[in-house]
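*Asks:* Chain residues, written in single-letter form:
Number of protein chains: 2
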Amino acid sequence: MNTGKLYGLGIGPGDPELLTLKAHRILTTVPVIAYPTLENGKVLARAIVADFIRPDQIEIPMPLPFSVERSSQPHYDRAAEKIAEYLAAGKDVAVLCEGEPMLYGSFMYLFQRLAPRFPTEVVPGISSTMASAAMLGAPITFRNDVLSIMPATLDAETLRDRLAVADAAVIIKLGRHFAKVRTILDELGLLDRALYIERATQPNQRIVPITELDPAEVPYWALILIPSQTQPQ
Amino acid sequence: MNTGKLYGLGIGPGDPELLTLKAHRILTTVPVIAYPTLENGKVLARAIVADFIRPDQIEIPMPLPFSVERSSQPHYDRAAEKIAEYLAAGKDVAVLCEGEPMLYGSFMYLFQRLAPRFPTEVVPGISSTMASAAMLGAPITFRNDVLSIMPATLDAETLRDRLAVADAAVIIKLGRHFAKVRTILDELGLLDRALYIERATQPNQRIVPITELDPAEVPYWALILIPSQTQPQ
Numbered sequence: 001m002n003t004g005k006l007y008g009l010g011i012g013p014g015d016p017e018l019l020t021l022k023a024h025r026i027l028t029t030v031p032v033i034a035y036p037t038l039e040n041g042k043v044l045a046r047a048i049v050a051d052f053i054r055p056d057q058i059e060i061p062m063p064l065p066f067s068v069e070r071s072s073q074p075h076y077d078r079a080a081e082k083i084a085e086y087l088a089a090g091k092d093v094a095v096l097c098e099g100e101p102m103l104y105g106s107f108m109y110l111f112q113r114l115a116p117r118f119p120t121e122v123v124p125g126i127s128s129t130m131a132s133a134a135m136l137g138a139p140i141t142f143r144n145d146v147l148s149i150m151p152a153t154l155d156a157e158t159l160r161d162r163l164a165v166a167d168a169a170v171i172i173k174l175g176r177h178f179a180k181v182r183t184i185l186d187e188l189g190l191l192d193r194a195l196y197i198e199r200a201t202q203p204n205q206r207i208v209p210i211t212e213l214d215p216a217e218v219p220y221w222a223l224i225l226i227p228s229q230t231q232p233q
Numbered sequence: 001m002n003t004g005k006l007y008g009l010g011i012g013p014g015d016p017e018l019l020t021l022k023a024h025r026i027l028t029t030v031p032v033i034a035y036p037t038l039e040n041g042k043v044l045a046r047a048i049v050a051d052f053i054r055p056d057q058i059e060i061p062m063p064l065p066f067s068v069e070r071s072s073q074p075h076y077d078r079a080a081e082k083i084a085e086y087l088a089a090g091k092d093v094a095v096l097c098e099g100e101p102m103l104y105g106s107f108m109y110l111f112q113r114l115a116p117r118f119p120t121e122v123v124p125g126i127s128s129t130m131a132s133a134a135m136l137g138a139p140i141t142f143r144n145d146v147l148s149i150m151p152a153t154l155d156a157e158t159l160r161d162r163l164a165v166a167d168a169a170v171i172i173k174l175g176r177h178f179a180k181v182r183t184i185l186d187e188l189g190l191l192d193r194a195l196y197i198e199r200a201t202q203p204n205q206r207i208v209p210i211t212e213l214d215p216a217e218v219p220y221w222a223l224i225l226i227p228s229q230t231q232p233q
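Going line by line, the protein sequences match chains A and B. Using UniProt numbering, the first residue of the first sequence is number 1, and each one after it goes up by one. Using UniProt numbering, the first residue of the second sequence is number 1, and each one after it goes up by one.
Check the hints yourself; a few may be wrong.
Said to hold, decoys possible - Pairwise CB distance ranges, derived in the manner of DEER restraints:
#: 1; chain 1: A; residue 1: R206; chain 2: B; residue 2: L38; range: 36 to 46 Å
#: 2; chain 1: A; residue 1: N2; chain 2: B; residue 2: L38; range: 42 to 52 Å
#: 3; chain 1: B; residue 1: D161; chain 2: A; residue 2: R143; range: 16 to 26 Å
#: 4; chain 1: B; residue 1: K82; chain 2: A; residue 2: P63; range: 49 to 59 Å
#: 5; chain 1: A; residue 1: P203; chain 2: B; residue 2: D214; range: 45 to 55 Å
#: 6; chain 1: A; residue 1: G175; chain 2: B; residue 2: G189; range: 50 to 60 Å
#: 7; chain 1: B; residue 1: G189; chain 2: A; residue 2: D161; range: 14 to 24 Å
#: 8; chain 1: A; residue 1: R176; chain 2: B; residue 2: N204; range: 42 to 52 Å
#: 9; chain 1: B; residue 1: T211; chain 2: A; residue 2: P219; range: 29 to 39 Å
#: 10; chain 1: A; residue 1: A47; chain 2: B; residue 2: D161; range: 39 to 49 Å
Hints in this document: simulated from the structure, not taken from any laboratory. Remember, it's a predicted structure, so these values are computed and weren't measured experimentally. Positions of the beta carbon are idealized from the N, C-alpha and C atoms, including for glycine.
Input sequences plus hints: build the corresponding full structure.
*Replies:* This is the structure:
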């Protein structure tokens, strides 16, 4: 018997209409769907595509630890083995990936475990880093600009050094690191250019001027976009 | 009479199935479609969606100069005025944008001219920089990694400096700059990690080991991906 195929399915940043035609086709035809669930009960990936899932499709929730202090690798080991059972039985499995699967995605840990053993296809998705520019109405980069995408979880010195040489930047995973990032933007004279958005393209998307933000309110799913200042030629 | 709405429609890197559901809906319902055409006859954007366009839709080809030596701004002035005529007459206009409209996109020059005058919506698309990772089977960034996207058109010193501090990188617009980039990757010890792809997701996509490439053959629509080396934790 042939084994099934593993799909890493990019489903975009939140708006169900931002699935690609390809992701929609695969999602609505595979027999098995897997998706991460967090200990704190948040299951964004499944919520995005809830209207597309049929009752006869098998669902594999994959519990992941929410805390970054503990290693999540044993969880990926277990999820990979569960998925492997279906693949070995000849069933295709689509793993739902918020945004783009290959960019800071938890799918990559399954990819590393399963791609050497089973036929695998990754379907690119719209990254929230890109979608935020459309939502903010802010062109990111022109011509010879360098764009840097960086997590707010970096230490202050690294963040400062990388931002200082970027023509445009996206700072992701803000959450409790917002105050640190705000201070650095102020030091670098970037506060006037920086644009804040949380949960881009989701129903509860919020765009707020950075100077009016309460640091205690900033979620993990928030980012700051610093668009290029390059003028057209 | 109400004016029409301007759409900047991200249509992805080349595979028509990588349009989003939203871009497909708008594309198949607007009365007017505009797209860039180059002096050398290449019209990639229209080719990607050719099967979706109806005969009764009005098409506005927008000629742009191929040479980077001449300013393209007078061309955008003319294209914007042509589009404005339809918008002023109450017709919605969708501008086709390869990849992501806000990332190194020619749409941004129309956006700057028209968004202040007409209701405008940008629909994000899959960028070739992201799709290339899926095609190459290479996760881009993990955890605290910094990703830098940079054009090969930059001078050698700037390229070297930016690459030296990036955890992962995508070098776009290779073309005649390939030899320069290859030398820099060699100097930085990055040649073993660097992956080459041209025309990602298009029918004539090509993946070649960098050491086997003839620099004279490298097109503008080629890029090099340097994936992160970060190990999972």
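*Asks:* Would you list, in rising numerical order, the hints stated earlier that this structure does not obey?
*Replies:* Hint check: 6, 9 fail, others pass.
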